[in-house]
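Keeping their order, the protein sequence lines are chains H, F, V and A.
Counting from 1, one number per residue, gives the positions in the first sequence under the working numbering.
Counting from 1, one number per residue, gives the positions in the second sequence under the working numbering.
Counting from 1, one number per residue, gives the positions in the third sequence under the working numbering.
Counting from 1, one number per residue, gives the positions in the fourth sequence under the working numbering.
Hints listed in this document are in silico derivations from the structure and should not be mistaken for laboratory results.
Please note that the accuracy of each hint is not assured.
All copies of an identical chain are treated as equivalent in the list; a pair is satisfied when it fits inside any one copy or across any two copies.
Said to hold, decoys possible - No farther apart than 25 Å at their CA atoms in a straight line, the calculated lysine to any residue pairs in the SDA-like style are these:
no.	residue 1	residue 2
1	K77	H112
2	K126	N144
3	K77	L125
4	K126	V203
5	K126	H112
6	K77	E118
7	K126	L35
8	K126	D153
9	K77	E53
10	K126	M1
11	K77	D179
12	K77	T138
13	K126	L21
14	K126	G52
15	K126	L67
16	K126	V150
17	K126	L40
18	K77	A169
19	K126	F155
20	K77	L67
21	K77	A143
22	K126	R160
4 protein chains.
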Amino acid sequence: MSVLELAGRALAEESARFAGLGWMRGTSGNLSVVLGRDPLRVAVTVSGRDKGELTSDDVVLVGEDGLAVADQPHPDKVPSAEAGLHARIAAVSGAGAVIHVHALAPVVAAEHWPDGVELRDLEMLKGFGRAAHDDLVTIPVIANGQDMRVLGDAFEAGFRADTPAVIVARHGIYVWGDDLRHARHRLECLEWLLRFRVETRLVGEERGVR
Amino acid sequence: MSVLELAGRALAEESARFAGLGWMRGTSGNLSVVLGRDPLRVAVTVSGRDKGELTSDDVVLVGEDGLAVADQPHPDKVPSAEAGLHARIAAVSGAGAVIHVHALAPVVAAEHWPDGVELRDLEMLKGFGRAAHDDLVTIPVIANGQDMRVLGDAFEAGFRADTPAVIVARHGIYVWGDDLRHARHRLECLEWLLRFRVETRLVGEERGVR
Amino acid sequence: MSVLELAGRALAEESARFAGLGWMRGTSGNLSVVLGRDPLRVAVTVSGRDKGELTSDDVVLVGEDGLAVADQPHPDKVPSAEAGLHARIAAVSGAGAVIHVHALAPVVAAEHWPDGVELRDLEMLKGFGRAAHDDLVTIPVIANGQDMRVLGDAFEAGFRADTPAVIVARHGIYVWGDDLRHARHRLECLEWLLRFRVETRLVGEERGVR
Amino acid sequence: MSVLELAGRALAEESARFAGLGWMRGTSGNLSVVLGRDPLRVAVTVSGRDKGELTSDDVVLVGEDGLAVADQPHPDKVPSAEAGLHARIAAVSGAGAVIHVHALAPVVAAEHWPDGVELRDLEMLKGFGRAAHDDLVTIPVIANGQDMRVLGDAFEAGFRADTPAVIVARHGIYVWGDDLRHARHRLECLEWLLRFRVETRLVGEERGVR
Chain H
1 MSVLELAGRA LAEESARFAG LGWMRGTSGN LSVVLGRDPL RVAVTVSGRD KGELTSDDVV
61 LVGEDGLAVA DQPHPDKVPS AEAGLHARIA AVSGAGAVIH VHALAPVVAA EHWPDGVELR
121 DLEMLKGFGR AAHDDLVTIP VIANGQDMRV LGDAFEAGFR ADTPAVIVAR HGIYVWGDDL
181 RHARHRLECL EWLLRFRVET RLVGEERGVR
Chain F
1 MSVLELAGRA LAEESARFAG LGWMRGTSGN LSVVLGRDPL RVAVTVSGRD KGELTSDDVV
61 LVGEDGLAVA DQPHPDKVPS AEAGLHARIA AVSGAGAVIH VHALAPVVAA EHWPDGVELR
121 DLEMLKGFGR AAHDDLVTIP VIANGQDMRV LGDAFEAGFR ADTPAVIVAR HGIYVWGDDL
181 RHARHRLECL EWLLRFRVET RLVGEERGVR
Chain V
1 MSVLELAGRA LAEESARFAG LGWMRGTSGN LSVVLGRDPL RVAVTVSGRD KGELTSDDVV
61 LVGEDGLAVA DQPHPDKVPS AEAGLHARIA AVSGAGAVIH VHALAPVVAA EHWPDGVELR
121 DLEMLKGFGR AAHDDLVTIP VIANGQDMRV LGDAFEAGFR ADTPAVIVAR HGIYVWGDDL
181 RHARHRLECL EWLLRFRVET RLVGEERGVR
Chain A
1 MSVLELAGRA LAEESARFAG LGWMRGTSGN LSVVLGRDPL RVAVTVSGRD KGELTSDDVV
61 LVGEDGLAVA DQPHPDKVPS AEAGLHARIA AVSGAGAVIH VHALAPVVAA EHWPDGVELR
121 DLEMLKGFGR AAHDDLVTIP VIANGQDMRV LGDAFEAGFR ADTPAVIVAR HGIYVWGDDL
181 RHARHRLECL EWLLRFRVET RLVGEERGVR
């Protein structure tokens, strides 16, 4: 099995998990893993497929522009337009894997706090790579759009190496990590944190948290 | 395996999925696929069966009036009364498959916005076949009733080719597409959108969205 | 396989389903089927067992007083104290099966409407055996208690043959039907209806529904 | 299979169950069973592993200080820092098993009632080992922190033998019992109770319950 196929299999397995959670409705969302750095080579799930039914073949190799590279096993397969943002995130952050899903809580949170969602003094932040105490974490929120360069610029403008996620308003969330499992663990924890934030919103406002 | 049996198997598989989500309680809801156009022939799930346990036999062939056609393998099986609305939707919209389920979010949304549920500037609208920006989508809401001709007239009066869904107030939702998977993908996305709308209702009202 | 074992197997299968939904936490809840009428003989799930792991042996045969009858395969097994209410419901209603679970929505609904939960003009009422229009359904709410005769009296005082359910306040719900599947279908529909009622509570109050 | 491996297998099975419920996100949470009393020996799940994928080897034997004992099959495996609180709870309460998960409802409840969450007159309290009537149960809430001795002192200061749980604010919950299943049953019931309390919070406040 080639490295690309192995990546495809891992992407398919993780996608099926998220589809089962209702986080990849229709054909939405995409996952990627970095296969090379110089030049950047990212294996991304194909566009337009049911994310609960991917196979190890449903993967495309893209470069730093998010476009399919010339020489690959399935030249007919099309990467998602969002592959460009995956590649940008991988390049800027150094992450080995990027997850983009449409979990509901992040999008609801961004609707409440469009300038960024603040999280602080919560144990689950450790699962996001931050401290459980006295460490204000702000999850950036960027405007939605269809031009991945514009989104990439907005992401990069708000990028902090210690905050491996960005919410796209009225759209979904990107979370990254060293590998797929690492990124998933961070996503699992962040989704919990954002859901907690939304469910306790009025308590938080009484205490003066933005 | 006959075309009708193949359709029955696909209907059973999709029904089991929706039953598992709690969207087909008791024996409620029904799914259909179009098998012929001239005259219209629609394969519909049978009435009165647990939708989590259908087999490929639990299907009835109906005509444009929603009544079982004369010549079919299981003349004893009864189509749902709602088969008439399935056939009407298939005839008017040209859809190849229609899904009717009792997901909660659409019915709650219709309770809040009985004149139609407006959705706009949400990425997930692409999974419903619309644009993510500057495209006001109004999901029609029609009154519930037991006469499928009345419901069909109400559906047709509000029909727009670019809006493949209608909510029946205090009842459930119909979503359609080219085939069962296409219709399901649209439903998955629309259910997310309606849940988002309900959960952010007060934010929306502050911003002046109906 | 004896009739009691067959009943036990059916009870175990349905219990596992409800346990998976989180409606039978710990060892709570119990299900029953009527095996004889004269005298009344009811097969009830045993007390104190994890309801997700019952076997066909985890069943006790009780009489109209809810106590284990003298002659049965597992004389050491103890029926739930609530078996008395199962038997009472079976005797009064003529039902063939009774389901008692701790789904959350019914208990929350009873907290809001302690004098009975009104449901009207909702399609899902058909799955509960009532009409979708112009048919006011009131789900009775009775006070919790440990004396099954007191609960049985309260149930019987509010009993209507067309309303096959009763909520025990701050406790759970009983739903019955001709057989286990029938009772389950009614419960599935009623749980949806009560959840809908709770989620649209403020809309309902604006419209003057109790 | 050694006693430690048997414990590891049981811990892995229960962990997978909680992971499936979303109560052990990322690598968070830990479970333990007591293997000896004099001196105290507790088998605890290892730190840093996906709790949905543990094997019978992913277990560490710790003493009353929560540190790994010298002689064990996998000396390279590291117990969670929280093992110290597991051991403290086991020592103080005499419990045979302790469960620590990050279910959402307990943390939301603690945000509303930071001085303790009161539960009373609810049938489900029986599944937590208390009475269904006239028995005020207060689930203690202690401040979060990283020093397990401080948390242990706070736990012990609020310990009552009849209340086998403590919520760590903005963190998660600990529940204990005679064995893993007993502790899980109590957790299942308590999670239901706390969710009920949160969902009916405003009703409760109107009635003067704290």
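Requested in this report: Can you give me the call for K77 and A143, within, between, both or neither, at a CA distance of at most 25 Å?
Outcome: Intra 29 Å, inter 44 Å, cutoff 25 Å: neither.
- Measure nothing new, just compare the shortest in-copy and cross-copy C-alpha distances for K77 and L125 to 25 Å and report within, between, both or neither. Cα proximity of K77 and L125: across copies only (24 Å, versus 38 Å in one copy).
- Query: Between the shortest in-copy and the shortest cross-copy C-alpha distance, which are at most 25 Å for K77 and A169: within, between, both, or neither?
  - Reply: neither (28 Å within a copy, 42 Å between copies)
What label fits K77 with L67 when the C-alpha limit is 25 Å: within, between, both, or neither? Within one copy only: 11 Å inside a chain, 43 Å across chains, cut-off 25 Å.
Within a copy, between copies, both or neither: where do K77 and D179 come within 25 Å Cα-Cα?
both (24 Å within a copy, 22 Å between copies)
Note to self: Checking an output row: K126 and V203, CA cutoff 25 Å. Within, between, both or neither?
What the structure shows: Classified as within: same-chain Cα gap 22 Å, cross-chain 30 Å, threshold 25 Å.
What label fits K126 with H112 when the C-alpha limit is 25 Å: within, between, both, or neither?
For K126 and H112, both the intra-copy (24 Å) and inter-copy (23 Å) Cα distances are at most 25 Å.
Discussion item. My question is about K77 and E53: at a cut-off of 25 Å on alpha-carbon distance, are they close within one copy, between copies, both, or neither?
Written reply: Within one copy, since 16 Å is at most 25 Å while 33 Å is not.
Note to self: Regarding K126 and L21, is the shortest C-alpha distance of 25 Å or less found within a copy, between copies, in both, or in neither?
What the structure shows: Both, since 23 Å and 20 Å are each at most 25 Å.
Pop the pair K126 and D153 into one bin, within, between, both or neither, using alpha-carbon distances up to 25 Å.
Only across copies: K126 and D153 sit 23 Å apart there, 28 Å inside one copy, limit 25 Å.
Is it within a copy, between copies, both, or neither that the alpha carbon of K77 lies no farther than 25 Å from that of H112?
-> neither (38 Å within a copy, 43 Å between copies)
Identical-chain pair category, K126 with L35, by Cα at 25 Å: neither (27 Å within a copy, 30 Å between copies)
Checked against the numbered hints above, the structure violates hints 1, 6, 7, 10, 12, 17, 18, 21; every other hint is satisfied.
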